[in-house]
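**Q** Chains as they are written, first to last, in UniProt numbering: chain U, 1 to 144; chain P, 1 to 160.
Just so you know, the hints here were simulated from the structure itself, not pulled from any lab data.
Where is the CB? At the ideal position from N, CA and C, for every residue including glycine.
Any given hint could be a false lead.
[As the list claims (entries may be wrong)] Some chain U residues judged to face chain P by a derived CB distance under 8 Å, without partners named: (1) LYS35; (2) VAL40; (3) LEU42; (4) SER43; (5) LYS45; (6) LEU121.
For reference, the chains in residue letters:
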Amino acid sequence: MSRETILGDTWLIDDLRLAQFFTRLAEVFASYKDKDHGSVFLSQKRCASILLPRTPSTLAYDQNQPTEPPEPLPILIRATNGHSKSRRNSKIKLSTVVQPTELPGFFARYAEVCKTGMVALKPRDRSKRKEKLKKRKKAAKEES
Amino acid sequence: MVFIETSQEWLQRSAQLIESKPLSTRTTTKYSISPPRAKSTPEPSSTAASKVTKRSTAPRASIELKTYDPVSGTALKYRTTKAAEVSRLILALGTLGRDMAALPKEEEQEGEDTAMVEAPDAAGEDGEKDAVGKGGKGEAPKESGSAPGGGKKKKKKGKK
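Take these sequences, add in the hints, and give me the full structure.
**A** If you want it as structure tokens, here you go:
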């Protein structure tokens, strides 16, 4: 990733960068679609190291003044498919840097990708609601 | 290392951690699928036997959110298996993302509203309870009456 894209000078490049990230993240989720085991790891943290070189002195400075950054900082998003050690060859590592201005848009799309990707979670229990409806109808009938 | 009961509390405590250690704190989301267990679920007392067997054949997935600060060693975790919670959790990640980016705080209202809308539906544990209720019809109305307020999140009554 070049410094230019990281700093977000060109919107076109930024869009492409995020779009690419989401496409590849969706691929990672899709690769687990019919599998019965596996993990996807997503992480996020402040991306200070790009703007400030992480020398001991700047680190110490930052730790001393933790809540006073001069201006909003980008955040770093990482994703992996959890392959390590013996499966290192098939490990997928994705990362992207999201500018503060892009955050709302990013998380909206992030939510979409995660919702469509995390298919093996327990679905919402609709039978319960149906049951309740039935009961309510029944009760209404009895009353009338 | 602590597992926190509600996503709301996890969000609050994570935000505090990020505020105090903004440089080193990170939030990790782990989505993991594990093969179905051979044994039946640990609640054999449930009368919803068909439900239990159905669930045990499909792979189980869970989401684990972890906010970790390597400097102080603090780790805050929240875990769920419900698909209905995903959007709320990503929203929480977005809120934490804002904190990490050192953007000014959003109005808290937004997040809570979404939680409100979704909370009554996200009642996985109540599913079994309800299934039990189905067996005995006499009890049923009581069960359904208490259900809306008792949806997982400690919204109105702080049931859980």
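**Q** Taking the numbered hints from earlier one at a time, note which ones the structure violates and give those numbers from smallest to largest.
**A** Checked against the structure, no hint fails, so every one of them is satisfied.
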